[in-house]
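Trainee: Sequence:
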Amino acid sequence: MIKLSFMTFVCPTWEIEKIAKFAKDANYDGVEIRVDEGHKHDVSSKSSSERRKYVRNLFGETGIEIPCVATSIQYGSADPAKRKENIDYAKVNLDLAADLGAKVVRMFAGGGIPKLTEESASYIAEAFDEVGDYAKGSGVTPMLECGHDIIKGAIEASEVIKRIKTSNFGVLW
2 MIKLSFMTFV CPTWEIEKIA KFAKDANYDG VEIRVDEGHK HDVSSKSSSE RRKYVRNLFG
62 ETGIEIPCVA TSIQYGSADP AKRKENIDYA KVNLDLAADL GAKVVRMFAG GGIPKLTEES
122 ASYIAEAFDE VGDYAKGSGV TPMLECGHDI IKGAIEASEV IKRIKTSNFG VLW
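Each residue of the sequence shown is one higher than the one before, starting from 2 at the first, in our numbering.
Hints listed in this document are in silico derivations from the structure and should not be mistaken for laboratory results.
In this text, a Cβ means the ideal position worked out from N, Cα and C, and glycines have one as well.
Worth double-checking, as some hints may not be accurate.
With a Cα cut of at most 25 Å, we get these calculated SDA-like pairs of lysine to any residue [as the list claims (entries may be wrong)]:
| id | residue 1 | residue 2 |
| --- | --- | --- |
| 1 | LYS163 | ARG84 |
| 2 | LYS92 | LEU59 |
| 3 | LYS92 | PHE23 |
| 4 | LYS19 | GLU86 |
| 5 | LYS41 | ALA99 |
| 6 | LYS83 | VAL172 |
| 7 | LYS4 | ASP96 |
| 8 | LYS54 | PHE23 |
| 9 | LYS137 | PRO115 |
Pair by pair, the computed Cβ-Cβ distance ranges are [stated by the list, open to error]:
| id | residue 1 | residue 2 | range |
| --- | --- | --- | --- |
| 10 | SER73 | SER6 | 13 to 23 Å |
| 11 | LYS137 | THR14 | 28 to 38 Å |
| 12 | SER6 | VAL93 | 34 to 44 Å |
| 13 | LEU59 | ALA79 | 17 to 27 Å |
| 14 | ARG52 | SER6 | 15 to 25 Å |
| 15 | ARG57 | ILE3 | 34 to 44 Å |
| 16 | ASP89 | LYS166 | 12 to 22 Å |
| 17 | LYS166 | PRO13 | 30 to 40 Å |
| 18 | GLU119 | GLU51 | 13 to 23 Å |
| 19 | TRP15 | LYS47 | 18 to 28 Å |
| 20 | ASP89 | PHE10 | 37 to 47 Å |
| 21 | TRP174 | ASP89 | 40 to 50 Å |
| 22 | ARG52 | GLU86 | 18 to 28 Å |
Construct the complete structure from the given sequences, taking the supplied hints into account.
Mentor: Rendered as structure tokens:
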């Protein structure tokens, strides 16, 4: 069965209560929480444990799933410090997803580079291996978001996928 969700990117000025109510009233099955954008919903990796519990319960009480946390994380940079910063940020967002009951965290390849290279594909795969292994016991899967960024199609996606070693990884379009 296909489930219908929307991402909070389409309603950046709404508070979380309005988002949950709208999702229920409009018969959505889920809401993907977009972080990193300063949206009014006030859900992020910096949210307190109380806030996380509140949001999870709010959506649980309305019968609306939080299937995904969507991020701006990018792994393609040649700068090791930038990659480490993104890996660390991915880990706190994987923790956020687990606390919210989300099963997926969206991540990009990117990294401010103009196109995918063999070197950047290796960097991206190494990062996904690390964060995938980190999240293995949490029930959350890091996923490579494709279709824009430097992953334009199946050819670029396969260049990353073939390098992935972790079993906790996915791809979404």
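Trainee: Now look at each hint and say whether the structure bears it out.
Mentor: Structure-based check of all given hints:
1. Between the alpha carbons of LYS163 and ARG84 the distance comes to roughly 20 Å, so the proposed pair stays at or under 25 Å and holds.
2. Restraint check: the Cα-Cα separation between LYS92 and LEU59 comes to about 24 Å, which is no more than 25 Å; the hinted pair holds.
3. Annotation: proposed proximity of LYS92 to PHE23 is violated, straight-line Cα distance about 30 Å (limit 25 Å).
4. Our distance criterion of 25 Å between C-alpha atoms is broken by LYS19 and GLU86, whose separation comes to about 33 Å.
5. For the hint linking LYS41 to ALA99, the alpha-carbon distance of about 21 Å falls within 25 Å, and the restraint holds.
6. With a C-alpha separation of about 22 Å, the suggested pair LYS83 and VAL172 falls inside the 25 Å cut-off, and the hint holds.
7. For the proposed pair LYS4 and ASP96, the alpha carbon gap of about 24 Å is at most 25 Å, so the pair holds.
8. Between LYS54 and PHE23 the CA atoms are separated by roughly 20 Å; this keeps the pair inside 25 Å, and the hint holds.
9. For the suggested pair LYS137 and PRO115, the alpha carbons sit about 31 Å apart, so the restraint of at most 25 Å is broken.
10. At about 19 Å, the CB distance of SER73 to SER6 agrees with the hint of 13 to 23 Å.
11. The hinted window of 28 to 38 Å between LYS137 and THR14 holds, with their beta carbons roughly 37 Å apart.
12. Restraint check, SER6 to VAL93: a C-beta distance of roughly 23 Å breaks the suggested window 34 to 44 Å.
13. Under the hint 17 to 27 Å, the C-beta atoms of LEU59 and ALA79, about 42 Å apart, miss the expected range.
14. Checked against the given bound of 15 to 25 Å, the beta carbons of ARG52 and SER6, roughly 21 Å apart, stay inside it.
15. For the pair ARG57 and ILE3, the supplied restraint of 34 to 44 Å is violated, since their beta-carbon distance comes to about 24 Å.
16. Range check, ASP89 to LYS166: about 20 Å between beta-carbon atoms, so the 12 to 22 Å window is met.
17. LYS166 and PRO13 have their C-beta atoms about 37 Å apart, which keeps the hinted 30 to 40 Å range intact.
18. For the pair GLU119 and GLU51, the beta carbons lie near 46 Å from each other, so the given range of 13 to 23 Å is not met.
19. With their beta carbons about 19 Å apart, TRP15 and LYS47 fall inside the hinted range of 18 to 28 Å.
20. Checked against the given bound of 37 to 47 Å, the beta carbons of ASP89 and PHE10, roughly 23 Å apart, lie outside it.
21. Between TRP174 and ASP89 the C-beta distance comes to about 27 Å, which lies outside the given range of 40 to 50 Å.
22. Restraint check, ARG52 to GLU86: a C-beta distance of roughly 24 Å satisfies the suggested window 18 to 28 Å.
In terms of the numbered hints stated before, the structure departs from hints 3, 4, 9, 12, 13, 15, 18, 20 and 21, listed from lowest to highest.
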